[in-house]
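Student: Chain by chain, the residues run as shown.
Protein chains: 4
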Amino acid sequence: MLKNNAIIWRAEVRDYEVDYQGIVNNANYFHYFDHARAVCLEKMFNLNIKKCAENNVNIVLIKTEVVFKVPLTYGQSFYVSSKFERISRFKFRCQQEIYIDPDDTLSAVSDSVIATITKGGKPYLIENLYAITPLP
Amino acid sequence: MLKNNAIIWRAEVRDYEVDYQGIVNNANYFHYFDHARAVCLEKMFNLNIKKCAENNVNIVLIKTEVVFKVPLTYGQSFYVSSKFERISRFKFRCQQEIYIDPDDTLSAVSDSVIATITKGGKPYLIENLYAITPLP
Amino acid sequence: MLKNNAIIWRAEVRDYEVDYQGIVNNANYFHYFDHARAVCLEKMFNLNIKKCAENNVNIVLIKTEVVFKVPLTYGQSFYVSSKFERISRFKFRCQQEIYIDPDDTLSAVSDSVIATITKGGKPYLIENLYAITPLP
Amino acid sequence: MLKNNAIIWRAEVRDYEVDYQGIVNNANYFHYFDHARAVCLEKMFNLNIKKCAENNVNIVLIKTEVVFKVPLTYGQSFYVSSKFERISRFKFRCQQEIYIDPDDTLSAVSDSVIATITKGGKPYLIENLYAITPLP
Chain A
169 MLKNNAIIWR AEVRDYEVDY QGIVNNANYF HYFDHARAVC LEKMFNLNIK KCAENNVNIV
229 LIKTEVVFKV PLTYGQSFYV SSKFERISRF KFRCQQEIYI DPDDTLSAVS DSVIATITKG
289 GKPYLIENLY AITPLP
Chain B
169 MLKNNAIIWR AEVRDYEVDY QGIVNNANYF HYFDHARAVC LEKMFNLNIK KCAENNVNIV
229 LIKTEVVFKV PLTYGQSFYV SSKFERISRF KFRCQQEIYI DPDDTLSAVS DSVIATITKG
289 GKPYLIENLY AITPLP
Chain C
169 MLKNNAIIWR AEVRDYEVDY QGIVNNANYF HYFDHARAVC LEKMFNLNIK KCAENNVNIV
229 LIKTEVVFKV PLTYGQSFYV SSKFERISRF KFRCQQEIYI DPDDTLSAVS DSVIATITKG
289 GKPYLIENLY AITPLP
Chain D
169 MLKNNAIIWR AEVRDYEVDY QGIVNNANYF HYFDHARAVC LEKMFNLNIK KCAENNVNIV
229 LIKTEVVFKV PLTYGQSFYV SSKFERISRF KFRCQQEIYI DPDDTLSAVS DSVIATITKG
289 GKPYLIENLY AITPLP
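Residue numbers (this note's numbering), protein chains in the order written: chain A, 169 to 304; chain B, 169 to 304; chain C, 169 to 304; chain D, 169 to 304.
Simulated from the structure, these hints should not be mistaken for lab results. Since this is a predicted model, take the numbers as computed values, not measurements. A couple of the hints might just be wrong.
In this list, chains with the same sequence are indistinguishable; a pair is considered to hold if it fits within one copy or across any two.
[Said to hold, decoys possible] Distance condition first, Cα-Cα at most 25 Å in a straight line; then the derived SDA-like pairs of lysine to any residue:
#, residue 1, residue 2
1, K259, H203
2, K259, N224
3, K231, V281
4, K211, Q263
5, K219, D269
6, K237, K251
7, K290, I175
8, K211, R261
9, K218, F258
10, K211, G288
11, K287, A174
12, K259, F246
13, K211, T241
14, K219, V277
15, K218, G288
16, K287, V235
17, K259, D269
18, K231, Q263
19, K259, V238
Take the sequences, apply the hints, and build the full model.
Tutor: The following block contains the structure:
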């Protein structure tokens with residue numbers, strides 16, 4: 169469980185996120201993970217992704233893997249736990265987990281690589297991310 | 169390239185799918201892959217996911233991996249190529265690729281595992297999927 | 169301001185809801201209003217829309233109007249205020265407003281009509297909604 | 169029927185657009201109308217909304233009304249018909265309709281007002297839109 173040093177973002181399943189199978193549509197998990205990463209970057213490194221974009225630096229997803237364990241359903245609340253580690257000069261790994269309230273049931277696990285690049289597509293080092301060091 | 173025996177689904181990037189970074193928001197790739205899988209199951213195996221859901225059988229994603237190569241942007245059209253193979257009695261692997269028109273630029277690659285289960289969570293064999301055999 | 173007897177639902181703008189114009193994409197306002205209506209029906213009338221759907225009764229939108237005042241942007245939090253009144257045996261009006269924190273800036277105003285119908289399309293009276301009476 | 173001089177945009181209902189009631193979630197109609205307006209502005213007036221945004225001019229929705237007639241469901245294809253008329257120096261009205269194939273069943277009707285403003289919030293006249301004249 170990614171609890172130590174992880175940043176937690178809490179939310180409730182929204183009405184429109186549930187599909188005709190009665191469970192949260194898969195793409196919403198990516199929404200949750202996506203927003204939780206943004207929250208984590210802001211809270212831990214004071215990094216505002218939108219301001220970066222306005223300064224022509226994008227924080228992009230290179231690769232992501234999600235393993236679905238227990239589906240989220242209508243009316244549930246949950247939290248996303250996120251942790252970053254540096255894997256190269258311009259690349260970072262983000263490990264995330266979604267837990268369902270109130271029993272901390274593990275719903276989904278994600279492992280992603282993000283990179284910081286200019287709008288022209290060149291690698292770019294964002295100072296705020298210097299602080300991300302490899303996990304022990 | 170997954171062209172042989174693959175099912176192609178074509179679309180255009182929609183206005184609202186582009187985020188503040190000026191590129192298609194990542195979750196939309198999952199939407200594209202998701203819908204392309206549904207189209208493929210319908211075209212190749214005459215399997216309607218919604219009718220399955222009405223009969224209390226869900227086709228769920230167990231695991232998915234996406235590698236992002238070249239971002240889709242506003243105004244582009246693209247196609248998704250999808251191929252299924254069987255990996256166990258109730259599990260299937262789906263390999264997918266997104267190509268950008270008109271130069272067949274590879275935009276993203278996806279590798280997923282789906283399973284067929286009842287609403288109660290038990291594995292269930294859908295007859296239409298008997299036909300899915302391992303790729304050579 | 170719809171504060172008296174209105175049900176409040178609070179949320180934050182999510183990263184992926186902001187489009188290339190730098191503001192929340194319009195369709196998300198409908199998501200917010202939609203989910204706030206569901207929350208309101210649950211809190212005020214103990215009515216779970218999903219359970220209704222499972223019992224073959226849908227709560228559908230007949231008509232909706234939205235006036236956009238001040239756009240929501242990245243990083244903001246807001247709340248939706250919702251109020252129902254009955255307009256006929258099977259139809260209800262819902263007036264809603266979105267306010268931006270922390271200054272209660274009015275962002276958008278919505279006026280909708282919903283109806284309760286069976287999956288077959290016939291009007292159906294849900295007992296929980298007896299309690300909705302005309303506003304003074 | 170808005171057929172004369174209207175711009176048509178065709179699409180299919182996508183798998184993930186269908187909610188737990190078995191019909192297209194309402195917010196997707198706004199997506200459809202939104203994208204159809206963008207297509208219409210591009211085709212009729214050579215106006216690219218994203219390029220406008222890059223030049224700090226946003227085309228924003230001031231007001232929109234939607235009347236829902238017949239719900240779109242899984243597997244259907246449809247088209248959106250869009251027509252613009254000028255209502256003031258910086259404001260335009262857009263009337264739209266969604267029709268379901270193959271019988272041209274009217275699914276939804278929309279009436280919207282859009283305005284062209286700078287990122288700072290001031291009205292701005294886009295030359296391409298000079299051509300929009302009042303409907304007879």
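Student: The structure should be examined with respect to each hint, and the outcome stated for every one.
Tutor: How the hints compare with the structure:
1. K259 to H203: Answer is within: at 19 Å inside a copy they meet the 25 Å cutoff, but 30 Å across does not.
2. K259 to N224: Answer is within; shortest intra-copy Cα gap is 17 Å, inter-copy 31 Å.
3. K231 to V281: both (5 Å within a copy, 17 Å between copies)
4. K211 to Q263: within (16 Å within a copy, 36 Å between copies)
5. K219 to D269: Answer is between: at 20 Å across copies they meet the 25 Å cutoff, but 33 Å inside does not.
6. K237 to K251: both (19 Å within a copy, 24 Å between copies)
7. K290 to I175: neither (29 Å within a copy, 34 Å between copies)
8. K211 to R261: Classified as within: same-chain Cα gap 17 Å, cross-chain 38 Å, threshold 25 Å.
9. K218 to F258: within (18 Å within a copy, 28 Å between copies)
10. K211 to G288: So K211 and G288 fail the 25 Å test inside a copy (27 Å) and across (28 Å) alike.
11. K287 to A174: neither (29 Å within a copy, 33 Å between copies)
12. K259 to F246: neither (28 Å within a copy, 28 Å between copies)
13. K211 to T241: between (28 Å within a copy, 18 Å between copies)
14. K219 to V277: For K219 and V277, neither the intra-copy (28 Å) nor the inter-copy (29 Å) Cα distance is at most 25 Å.
15. K218 to G288: Intra 17 Å, inter 17 Å, cutoff 25 Å: intra and inter.
16. K287 to V235: Intra 31 Å, inter 19 Å, cutoff 25 Å: inter-copy only.
17. K259 to D269: For K259 and D269, neither the intra-copy (32 Å) nor the inter-copy (29 Å) Cα distance is at most 25 Å.
18. K231 to Q263: Both: 12 Å inside a chain and 15 Å across chains, each within 25 Å.
19. K259 to V238: Classified as between: cross-chain Cα gap 16 Å, same-chain 30 Å, threshold 25 Å.
Hint compliance for this structure: hints 7, 10, 11, 12, 14 and 17 are broken, all remaining hints hold.
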